[in-house]
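Trainee: Following the hints, complete the assembly by docking chains B and C onto the known chain A.
Residue numbers (the working numbering), protein chains in the order written: chain A, 1 to 262; chain B, 263 to 576; chain C, 577 to 866.
Hints listed in this document are in silico derivations from the structure and should not be mistaken for laboratory results.
Just so you have them, the derived chain B footprint on chain C, three or more residues with Cβ under 8 Å:
1) 667-674
2) 678-684
3) 794-802
4) 829-840
5) 845-853
Within a straight-line C-alpha distance of at most 20 Å, the following computed EDC-like cross-link-like pairs (lysine to aspartate or glutamate) qualify:
6) A:91 - B:456
7) B:335 - B:390
8) B:419 - B:535
9) A:91 - A:191
10) B:364 - C:669
11) B:364 - B:465
12) C:739 - C:762
13) C:695 - C:795
14) A:91 - B:454
Virtual Cβ for every residue (Gly too), placed ideally from N, Cα, C.
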Amino acid sequence: MAAPVTAMLEVREVAVRFGGVSALGGVSFAVAPGTVTSLIGPNGAGKTTAFNVITGFQRPSAGRVSHEGVAITGWRPHRIAERGVVRTFQKTSVFPGLTVMDNVLTGLHLRGRVGVAAVLLARRRVRDEEQRLRQEAERVIEFVGLGRRRDELASVLSYGDQRLLELAVALGAQPRLLLLDEPASGMTASEKLAVAALIQRIRQQGVTVFLVEHDMRLVMQISDCVLVLNYGRLIANGSADEVQRNPDVIRAYLGAGARVDA
Amino acid sequence: MRRLGLGALLAVCATAPLWVWNPYHLHTLIMAGIFAVLALSLNLLLGYTGQLSLGHAAFFGIGAYATGLLTVKLEWSPWIGLLAATALPALAGWVIGRLALKLRGAYFVLLTISFAGVISLVSVNWMDLTNGPLGLPGVPPVELAVPGLPALSLRTKGAYYYLVLATVVASYLFCLALIRSRIGRALVALRENETLAVSVGIDGTHYLVLAAVISAGMAGLGGGLYAHYTRFVSPEVFLFSYTVTMVIMVVAGGKGTLTGPIVGAVIFTVLPEALRELTSWQWQMLLYGILLIAVLFFMPRGIVPTLEARWRRP
Amino acid sequence: MEQLLQHLLNGLLLGATYSLLGIGLTLVFGLMNVVNFAHGEFYTLGAYAVFAALVGASVSFFVAIPLAIAVGAALGALCERVLLRPLRDESIDTVMLVMIGLWIAMQNAELLGWGGVAKSVGTPFSTQPVVLGHVSVSPLRIFVFVVSAAFIVGAHLLLARTKLGRAMRATFQDRETAALMGVSIERIHTITFAFGAGLAAAAGALLGPVFLLYPSMGDLASLKAFSVVILGGLGNFAGAALGGIVLGVAEELGAGYVSSGYRDAVGFVIIVAVLLLRPSGLFARAERVG
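Isolated chain A, as found in the complex (with noise of 0.2 Å):
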């Protein structure tokens, strides 16, 4: 895809080397703002990588990330998440100890503004903020259908629970580009398919959505754009059409030993 003025995302030639391995040897690709974005790639492609270096986990050896024109290479994830670029995690990853509430409330940590001087003397304002945040994390938790739940405490619930609630984290951040490690990943088909309606209500919200899956047909189904990586390059970049009838995209997968459900 043709590159906008102003990218979302747009990643040159980051690589990730160490010892002999090069985890990504080169990679460069733009996200297009409001679409819907997959990463796709064989185990051990490189895709958590990419992810890590984008948010600020992993310091690339080469090559520079920016978000909306300005270089965020080498910065540090919480600055990046400031920009509104915020991501979920490949293994389910929640605050175990809290309850759903506190759980996105904590996401909206960048929503509130107090310090510790309010806390010492500005008492109202506090309680004000607070009763704001609450009525925000009401509204997320509702939005990703765990309305039921919002009491209970994160380490009890169920699986897919638990991933719907690390959106819901993850969308407090108020992110402008949500990056989703393997969203759909442990999940029953039906599971998917409020994923699959999840990401597309969000992205009507004017969010620009990269993921990172494995199943082929949530992917075919949802995306605007397809990126796949093998062996840490870039090998395809297209809608998802194109990108499945490209041979080296099909021999990747096949001569892996991956299937294609397609």
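Mentor: Just chains B and C now, kept in the frame of chain A:
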């Protein structure tokens, strides 16, 4: 029901000097109060951010020396002294926090131990400043001066008790307010899942430094109160046993709660005094070690949370 | 110049024992991921065991030392069995706190058992220093150095060349595979911890006679052991060996040229400096975030 209990407790505490006749018992309560402030301060780090500071006695000691030096050598007002006792350790906490940016777990612990070790050695060796092992006697008592009225010197145990009680209540309320705000949530988030926390924009460094600063400042204030109570400051304030006592109070009382450390402080101040008749200080410390292990094995969340859980399951 | 040589020599001799101390800790820390804050207490135990053997049972000095090591190792094995094994799956913080509890308990037990007055251990060596050119050194220190070095070499050989050593390394690299290969994981954990404790006791048995014995001697020993471990990198045997020498030399130079009162501060300062500037030590990994 809870309110009633709380009210009764406050009434009991507020009137203690009136019905606690034995001045030694009142002394114990005052020490319990000072340690409550210390325990709350350590709890902020250990219970809320999950980082253990084994050098906390250093902040306590710096606070004591700050006010001791200002009031003895420069003859400044003890109130300024108490302010310095809070500010100077807070600054030290800031330095530690910033320098220890990326250290977690055991490395952070080691850093705090080393810091305390260096400070302790300085207090013993830098005779010109601190008078070395001889210490600083003659620390003046705190005075309440309201213009127009004669100055009220807080020399009596009763008067000092109220000062300490006020500090404990203020500290508790401050911690409560902190915990119930987004700051508290950020601290807990960093403890529960730091990777997730930073991914939603929580600045790990900023909040750990903040916790270190507040924690150190509170411990320093405790040190200042201690200095003006005992009216003497010596390198003994840096004794590791103070840190150990604080750790036991927080861990046994219940880290991550606010009442836990206070309960722990009371128990572990009253208990040794009660045992003093029967055993020596060494047995007491030995018992502490064994008790710490026992608590971690059988009541890992601490006394208060364990009791609360039992209470809820009738 | 002679002063410098003397300091360097003293540092080297002392450093070897610090290496011994550090190696025990780095093995336990690096292999078992246990932060043994009670490490210094095994050091103290070793020293007092020698004292007890000499004074109480009148054994020879050369017998007292292995005896002390055995006592240290035995207690180490007991602690691992009783305290660490049940907590195997707990967080590292809980284990850390339990070790701190052990530290407190052991030290105060020593205090109660031996009293707070410092004791000195008599040795069969003459106090006449041996003069080698421009430097002089006491026979005792030479003995301590030689034995320390021997133990360090022995420990290395044990880890690198024996079946036990291989089993230890295998267990901590990949527990499941080692178990499948027939290694008794439980035994290895106990042996490793006992090994670390034994090395600490060895250091104490050797250094006790050089300095004085007092119950809180373990505190500084612990700190110095950690200092060595941090210098050398976690779990790094060679790093600890080198780190010990570095610490010994730094201490002697500090005591000689700066001030002897601040001698023990050198260990602290090293910890602070290394942790802040190069947390990975001379080689390995550090526990860092983000």
